[in-house]
Each structure stands twice: as C-alpha cells, then as structure tokens.
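For the record, the sequence lines run as chains A and B.
Numbered per our numbering, the first sequence spans residues 199 to 522.
Numbered per our numbering, the second sequence spans residues 199 to 522.
Heads up, some of the hints might be wrong.
Covered stretches of chain A (in silico footprint by chain B; criterion: 3 or more residues with CB under 8 Å from a CB of chain B, positions within the stretch not fixed) [what the hints assert, rightly or not]: (1) 217-228; (2) 277-289; (3) 299-306; (4) 316-326; (5) 343-357.
Calculated from the structure, these hints are not laboratory results.
Glycine included, each C-beta is placed from N, C-alpha and C at the ideal position.
Protein chains: 2
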Amino acid sequence: MLYNAEFALQRINGELLLLELGDNPRELYEPLRYILGLGGKRLRPMLTLLACSMFSEDFTKALKPALAIEVFHNFSLIHDDIMDQALVRRGKPTVHEKWDIPTAILSGDVALVEAYKLMIQVEDNLKMKAFSLFSQVAKEVCEGQQMDMLFEKKEKVSVAEYMEMIRLKTAVLLGFSLQIGGLVGGSTDSDAEKLKSFGQNIGLAFQIKDDYLDSFGDGPKVGKTIGGDIRVNKKTFLFTKSLEIGNSEASKRLLELYSKEDNSDQKVHEVLEIYKHLNIKEECEKEIFNLYNQSISNLIGIKADMHKTARLRRFADELMERVS
Amino acid sequence: MLYNAEFALQRINGELLLLELGDNPRELYEPLRYILGLGGKRLRPMLTLLACSMFSEDFTKALKPALAIEVFHNFSLIHDDIMDQALVRRGKPTVHEKWDIPTAILSGDVALVEAYKLMIQVEDNLKMKAFSLFSQVAKEVCEGQQMDMLFEKKEKVSVAEYMEMIRLKTAVLLGFSLQIGGLVGGSTDSDAEKLKSFGQNIGLAFQIKDDYLDSFGDGPKVGKTIGGDIRVNKKTFLFTKSLEIGNSEASKRLLELYSKEDNSDQKVHEVLEIYKHLNIKEECEKEIFNLYNQSISNLIGIKADMHKTARLRRFADELMERVS
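Chain A with its partners taken away, still in its complex shape:
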C-alpha cells in the first residue's frame, strides 16, 4: 500500500477504533477507548508509517507498532494527567476526572500491556529488537516524567538537566516512532538510527518551540494567554537559559519571582522583561535552529528515495513553522 498521509491517518484512526482490548469489566476498558477516541494529530504513529514507507512499498506493515506507540502515548497521558492534576485533555475531561483516580491508574496499566502486545506484532526477526527498544523507551519516558516532577520542587534547574528531561519525556518516543517504522520497512540498523536521531532532535526543537510560544507567541493565534508557564512557575528552556546566562542580579530576581505562587500579569510582565534583557528570544531561536539543522543533517546518507526522505524534511519544516 503506497503511502499517502490522509489515508495513513484514516487507517490509524480506523484501527484504533477496532482494537480488541477486552470488554470486561467495562469500566476498565472504556476509559482507554475514550482517550483514544479524543483524536489528535496521531503524530507518533504517522511518523512510524512514514518511516516504514521510506523502505517499503507497503506502509501498512508498520500499522501494529504504530498503534502500539499511540496506545503507549495514551498510557502516559492517562497517568501524567493524574500526576499533574490536569482536568482537561483535548477539550474533554481527563480520565481521572471523568471516572476516578483508581480507574485511571488501572486503565493506564492495561494500556501499557496492550501497547506491548501490539509492539510485538512485527516480523519474527524483529520481535526481540522491537521489544528491547520499546522497553528502553518506556523506561525513559517514566524517567523523564519523574525528572519533570522533581523539577517542580527544585529552585534551580540547569539547561543540561532541562534538555535531558525533555529528551527522555518527549524526544525519545518520537525518535523510536521513526526508528521502528524504518526497521519494519526493511531499513538497515544504521539508517534506523539516523531516523531515530532525526526524531529526537526534532522532538527537542518541538518542545523548546512550545516553551518559546508560551512567552513570545502571538497570543490569539496560539489560542491561549501568554505566559501560562510563567504563572505556574514552570521551569522551561527560557527559565533555565536565563539562569545560565544572566548575571547574579537577574538570576536572583527571576528566582524570587518564581518562588511565589503568583499568577498575575505583573509577574508575567516582569519575567518577560528579564527574558528581553537577556536576549532569551534570540537564544531560543538559535537553539531551535541548531536542533533543526542537526535533525536535517541526521537524514544525510539514508538509503531511501530522495522524495521519500523529503517527506520527513517537510514534516520538520511544518513543525518549525507552527505558531501554536
């Protein structure tokens, strides 16, 4: 089946609806069906299919691992939402809000098992590799989430610590989505590694862009108020970079502002002034640009049709151009 983005998305959504999860007790599986049904861009499974299509005429070979990754992603969303006490996900109540915390814990657990079951449905010679890589990624995502929570309690976080956290929490899963897609499509290990690096770098860029837009985005276009991260004292790339390059006076004031529970416009304004003073906007843009360049250079030498590799470059470009 030749790759076509629209068709690929349809297949993913169709297969997610048809997943045989189990039915009994209903209360265990309904929350998983619910969150899978909330939609979204299906970024990760789309990357898996796209990577597969670079090496195989039939991208549907990678459907099962693609679904595995989406189910795993939703496992982490269900559990993260409990930890973050989030009330809303994609405009709807989170699982623990709609049901309760015990149900959300268990539905997440069962989602992790389902993800494993799907992940192993690749050709025999790839099963153990898929299993090992996936297990490693699953651990790393947990590590990243734990780091993120630890950061909430820390006063200072270095840029290096921050980068490691987003690498684990977000980027490794994007990298793996591409890597496993490539392998299933028949790529060499080395090409799959290149895809993985591409995915990780673009994932890092994506996350920093997210931080960037929260402070420097076009409010109405982003669809949210500017400075949400600042109001809740979130340790972002901007915050950690400021501590790294700011003089002691700027750092002291920033830490002071971040030490209080204060979600006022005044606080946002003052933090943004510090960012402006330290050229953080430009620092961000430089970092995003560097990561973007690295990701593009990761694609060099991949043995696939040029126009297929170009799809990935276009994908990276689209992510870079996003404003929300």
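Starting from the structure of chain A, add chain B where the hints point.
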C-alpha cells in the same frame, strides 16, 4: 542446581537485591527497591522455581521469570495500595505514603516494564509464549482489581462474580507462576496446564481461607481482630454466599448492616450471628475442601518424579493448614 527450598529463597532474595533497574532519577527506582526489600515469603517466585525443578535438574533456569513475577506482583502492590489508600505494607509505610502518589504511579509503571524485561529472558523457543501468557495474566490481574473496586460500590455481589474476581486478582498469577516454571523446566504444554490449574485452584482456596480466618479464625493466632472485613463492609465469600443461600429476611438484614459505615463490635457480632445461622462456616470449609481436592486432582498424570510432585502437594497442605 538441585532444588532446595531454603537455597531457592536465598537465590531469589539475592537476585532481587542485584536487579539492574537503573539509577537515574534515583527517586524513580528507590521506591521499587524499597518495596522489593520489604521481604515476604516470595510465594510466587518460589512456585516458579519449584515447578521448574520438577522437570529439570537445574531450577536456576527459571530464576529470571521467577523474578519477573515477583517484580510484577510488587508493581500491582504499589498501584493497589494507592487505590486502596493503604498506609502500611508489611509493617512499613506504603510507597505512596513514604513518597507520594505520583512517584508511586511511576515506580509501578517502571516495575511493569522491568517485569516484562525479565520475563522475556527465557530460552528462545519460549520467549513468545512467555510474553503472551504474561501479557494475558497482567491484563487479568488489572481486571480483577477493577472488579474488586467496583464491588465496593455495589450493594450485592453474587458468589460467581466474587469467585471470578479472586480468580483474576489472585489465582491466575499463582497459576502462571507454576505454568511458566514448568515450561522453562522442559514440561509439556499439557503438564504446564495442569500446574496452572493446580495453582489457580489452590489460589482460590487460599483466598477463601483468608476470608474465612477473618471471621472464624483464632483472633490472637491470626494476629488481628476478628471481623476486619465486616467492619469495612468487604464483600467476601462469606457475604456473597450468605446472600445466595439466606432467606429474604437474613439477606435484607445483612444488606442493611453492610449499607452503613459502622465498625462496631455490635455489627461484627450480628453479622457473625447471621453467618452462624446460615452455616457459612461449614459452607466455607466445604468450598475450600473442594478446591483443595480439585487442585490435588490437577496434579494427576503429570510426568515428573513422584517425590517432586509430592512437594507441590505438601505446599498445598501447608497452605490449607495455615491459621493466619
């Protein structure tokens, strides 16, 4: 390595200490090491090694799956303790009490991944079978826990529903512990199935004995007050059986007593009177005896040394004789 119970237990505890779980962030892995370090009888991994020893001279072949099962069991303990709001486990604070709920959720998640990684460390020809059986058991344990929680909100639970709940929540893991041990030791599929049935039946008997002791045990010997289950309105075998065989008057009164939050001695006394009136003690003993007999008959025809099979029978006997 010839099987010896004391040595097997030492090996399990030694290997649990040496598990390479990861170190970073410390806060993610420490809770798992903590709960694994709380000790216990290591019932499940001991069964795995014992089953392996029935078919192989070297019971240590089954160490990895045995550890997998113990790690999985502790995953479920960590998450169940959150759901049950339990404060104490083996005389020590539960993980979410000692740390916090987010840490307990994540440590549990990572434990499930570790369990998978250990489970797959069997001979190549068994890897996929171990994976599939384990995935199925993992789902069933979640299903059982969800049913248990649903029972809390239900007024009535039938004996059949109750039996299905304890089968899923407790018995299938005991059955699997033996089944995988047998398979790793080199048993036929059919013999492994027999071991599984034995384990499930003995697991059911064990659970009903637990309910039994709570109402009819020798308080001081059991080491806890009689009627703990009654005080918290727990739907036990005794309760469900009473509803099944009692006349409408007895059922009505029992439901009434169970509808209030009342942990008084008076309530315990009255419920025990109903049980006495309905001969629930004898019903329990009959059920336990039946399950015990079934479990023993499950062992018939297993192609292993008689004295090795006898170890399992002794194990069953010990469980039946326990008073606490």
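Tested hints:
{"no.": "1", "hint": "217-228", "result": "holds (count 5)"}
{"no.": "2", "hint": "277-289", "result": "holds (count 3)"}
{"no.": "3", "hint": "299-306", "result": "holds (count 6)"}
{"no.": "4", "hint": "316-326", "result": "holds (count 3)"}
{"no.": "5", "hint": "343-357", "result": "holds (count 5)"}
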